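> Protein sequences appear in the order of chains A and B.
All the letters of the first sequence, read from the start, carry residue numbers 30 to 456 under our numbering.
All the letters of the second sequence, read from the start, carry residue numbers 30 to 456 under our numbering.
Think of the hints as simulated: they come from the structure by calculation, not from any bench.
Watch out, some of these pointers could steer you wrong.
Said to hold, decoys possible - Using C-beta positions, here's what the derived DEER-type ranges look like:
| id | chain 1 | residue 1 | chain 2 | residue 2 | range |
| --- | --- | --- | --- | --- | --- |
| 1 | B | Asp134 | A | Ser203 | 53 to 61 Å |
| 2 | B | Asp204 | A | Arg183 | 35 to 43 Å |
| 3 | A | Ala184 | B | Arg163 | 32 to 40 Å |
| 4 | A | Ser203 | B | Gly248 | 41 to 49 Å |
| 5 | A | Gly283 | B | Asp204 | 21 to 29 Å |
Claimed, not checked - Over 10 Å on every C-beta distance to chain A, these chain B residues come out as not near it, computed from the model:
| id | residue |
| --- | --- |
| 6 | Asp68 |
| 7 | Asp126 |
| 8 | Arg214 |
| 9 | Glu410 |
Said to hold, decoys possible - With the C-beta cut set under 8 Å, the calculated list includes, among others, these residues of chain B facing chain A:
| id | residue |
| --- | --- |
| 10 | Ser270 |
| 11 | Asp271 |
| 12 | Arg285 |
Remember, predicted model here, so these are calculated numbers, not experimental data.
No residue lacks a Cβ here, since even glycine has one placed at the ideal position from N, Cα and C.
Protein chains: 2
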Amino acid sequence: MSDDSDAGEHEAAADPSATHSPSTPPAVDRSFLDDVIDDRDAAGFVAVGGRDDADLRYLTGFDGPSDHYAYVRAAGASVLCPPAGYAARARRQFDGDVRNERPADHPGERAAAALESLCSPDGTRDVDPDRSARSRVVLVPPTIPHDAAVYLERAGYELRSTTAVAEARATKTSDEIDAVRAVQRAAERGVRRGGRVLAAAEVGPVSDEGDDSGLLWDGAPLTVERLRREVNAELARCGVSDARNTSVAVGAEGRRSDATVHRDEAIAIEVAPRGPHGYHGHLARTVVVDSDGGWERRAYVACEAALDAALGEVEPGADADDVRREATAELAAFGFDPGGGDGGPNAEAVETVHGVGLARRERPRSRSGATSGPRSDATLEPGVVLAVTPSVTDPERGSVRLSELVVVTDEGDELLGDGAHSFTPRE
Amino acid sequence: MSDDSDAGEHEAAADPSATHSPSTPPAVDRSFLDDVIDDRDAAGFVAVGGRDDADLRYLTGFDGPSDHYAYVRAAGASVLCPPAGYAARARRQFDGDVRNERPADHPGERAAAALESLCSPDGTRDVDPDRSARSRVVLVPPTIPHDAAVYLERAGYELRSTTAVAEARATKTSDEIDAVRAVQRAAERGVRRGGRVLAAAEVGPVSDEGDDSGLLWDGAPLTVERLRREVNAELARCGVSDARNTSVAVGAEGRRSDATVHRDEAIAIEVAPRGPHGYHGHLARTVVVDSDGGWERRAYVACEAALDAALGEVEPGADADDVRREATAELAAFGFDPGGGDGGPNAEAVETVHGVGLARRERPRSRSGATSGPRSDATLEPGVVLAVTPSVTDPERGSVRLSELVVVTDEGDELLGDGAHSFTPRE
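So here's chain A without its partners, still in its complex pose (with noise of 0.2 Å):
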């Protein structure tokens, strides 16, 4: 530990460029749109949401605002429906075709014209005339908002739901891979931060607490919020959003978030930033100040090796569950249950495995309590990211997680990071 405060210190600002993304999205291949309206026998699939929606992110890579636009596939074009006041915008972001007629209508109403006029003779181009002319079935996301599936309906139209873009989303493509790993350097700076802020801290006796171990950072108390706040703001240094999923879990359940945090304390640090084009990273890391053995030594060491052991399952062909199953047999082995299912009192629910992109947990997922046979969403490909955070909690000692994030690669995996992590927090 030192003596140094380095509270005016930041990785970041040294070298802005290095966290600067690229700045048109990551493209992507909407064909496959093509292949399921054709199996399906439909006349096309309509998206409706706003940006926070993955699968609309995916399909049009337009960070427009939280609700009101659509976004229609037929005939082998995309339309791309934006609110009013946001047409200059999407036809900055979006490489198909921008339609602004009617911006006051619902976008519901405004993907049922597209589609009707995509499907009309005259609009009808690479696909049997007959065939979509015919059909009145129109493919939507299971979640498109109700009110936008009875203005299809009403306009003549029999939904039916797929699940094809979540699937697609999927496996990514070396520019998607690259957007996550930028993400992925942005959150490692932002828990590199916290680790600084520990190592930099002094333990001393913090007023109004019953003993001395507590942490003193730049002048006073450091509190589980204060921590939290300094890793956020080197994670918005690095140009990413917090996306309000970090966490710091220190000590015992029910610790408030204006507790000091102790210097024999296990600190969970979790992340998941969102970046400018809307790929999230994600990164636990668990460190103890001043540990005096034990409890959190030990979980630290399971966690070690049941993330070994898991990352030693992901290959192409494997099941999410499986690379859960082999890090819970681990942690048994070192005699710990998984971490509780509820995390600890500032902690998301831990998920052992998942996938990570535009959504911070999606496909592949893999659940405790899932049935034990193979799920059809969780069969690892070439180019599916993978979180992979093994934890331990103990409601009266804490919890710890630590975590990978891994691309699977035709030959097996590979980093996203570093991977450096340690027991005691670095400067």
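Guided by the hints, dock chain B onto chain A, whose structure is given.
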């Protein structure tokens, strides 16, 4: 302008407690739903979604994952069905009944089961058992996910949409106003940080650019993106999320985020951060480091006058459209058309007048192009929190905008924030 770089100083760091929020979300009275259910002879009300759904956040206070939970109101009782692994957190945050049965089922199914049990003779409280037992109508927000709607229909319910929750959200309780006030304080600090960076910047020749009016800060050219990151880092340090709403618009349309800011350009900084309980703030300020006068100053003076005039219209019973029209008329009196609907290259489309709360923009809203008569959702009632943002955009020159956030009171209105603004950036 000062020669001191203040890269290492931050207001918030000096006093973290100043921006610490109470740990419980503002309490909300959900009994208005009973009247709506009663009026429409319905069995109950159901909402399904995740933490970004403002209605669900309002009704539950639950900061859960991004999807897969349900809220049910029936027979005077409130039920939350959290996703697997979130029951403990739900019980800490939600003051109604948390039902954890069959967590793997779709939230639409779980909502139907909860509704059924609340309306059964055993479950009924405080309402006419005949009526609620008889009715198979369930009220839902218009944008309920379609798959959830289908589950409810399969369970024998007929869906009717209601905007009652969005309407209730428009008028805030004093606890809610305090939550907005706390976020707005952080918004002011974030924007002020931008001003301090600009005040501390030096004018000098920037490599690869053909003039010597570029700004240098902390040893490197001050780009649009660096400035945006500094603002966001300060927001994070104050404990709020930038919520990906921070825009820094500089100079002519099409300027890239890695372009250097120049001394004579209008720099419009707009933030709408989100606090720990989900409430937003909203603040827009524009400065010029070293103006040559002319367009920027005239636009600034016009926006100041428009802001004063528009705020003069804010009182109970007035209409948001009138407030917007007053701003527009004042800008026109100075010879300016109001800001283009599409904003600058980095800007959200500017909406002159809108409510602020659990959604960044919510009722009451006023949009240019709306029909001239009063709209049912645009009336100002006591408790409404309103952002007023006159703006002027010239594609060749840039964008100037100024905002205030006010709460409508019985007497008129009260500013949330200090209202401070200046044309030249201040230390």
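> Tell me if the beta carbons of Ser203 of chain A and Gly248 of chain B are separated by a distance inside 41 to 49 Å.
violated, 34 Å
> Have a go at the Asp271 of chain B hint: is there a Cβ in chain A nearer than 8 Å to its own Cβ?
holds, 6 Å
> Is Asp68 of chain B truly not at the interface, in the sense that its beta carbon sits beyond 10 Å from all beta carbons of chain A?
holds, 21 Å
> Confirm or reject the statement that Glu410 of chain B sits farther than 10 Å, beta carbon to beta carbon, from all of chain A.
Correct as stated: the minimum Cβ-Cβ distance to chain A is 24 Å, above 10 Å.
> Is the nearest Cβ of chain A still more than 10 Å from the Cβ of Arg214 of chain B?
Consistent with the label, Arg214 of chain B stays out of reach of chain A, its closest Cβ about 14 Å off (over 10 Å).
> Using the beta carbons of Ala184 of chain A and Arg163 of chain B, state whether their distance is inside 32 to 40 Å or not.
holds, 34 Å
> Can we trust that Asp126 of chain B is non-interface, i.e. its beta-carbon lies farther than 10 Å from all of chain A?
holds, 18 Å
> Against chain A, run the beta carbon of Arg285 of chain B and see if the smallest gap drops under 8 Å.
holds, 6 Å
> Range first: 35 to 43 Å. Now tell me if the beta carbons of Asp204 of chain B and Arg183 of chain A are that far apart.
holds, 41 Å
> Should the hint that Asp134 of chain B and Ser203 of chain A are 53 to 61 Å apart at their CB atoms be regarded as holding?
Because 38 Å falls outside the window, the suggested range is violated.
> Using the Cβ atoms, figure out if Gly283 of chain A sits within 21 to 29 Å of Asp204 of chain B.
About 23 Å separates the Cβ atoms of Gly283 of chain A and Asp204 of chain B, which means 21 to 29 Å holds.
> Hint check: is the beta carbon of Ser270 of chain B less than 8 Å from a beta carbon of chain A?
It holds, given that the least Cβ distance between Ser270 of chain B and chain A is near 5 Å, below 8 Å.
This entry does not satisfy hints 1, 4, going by the numbered hints stated previously.
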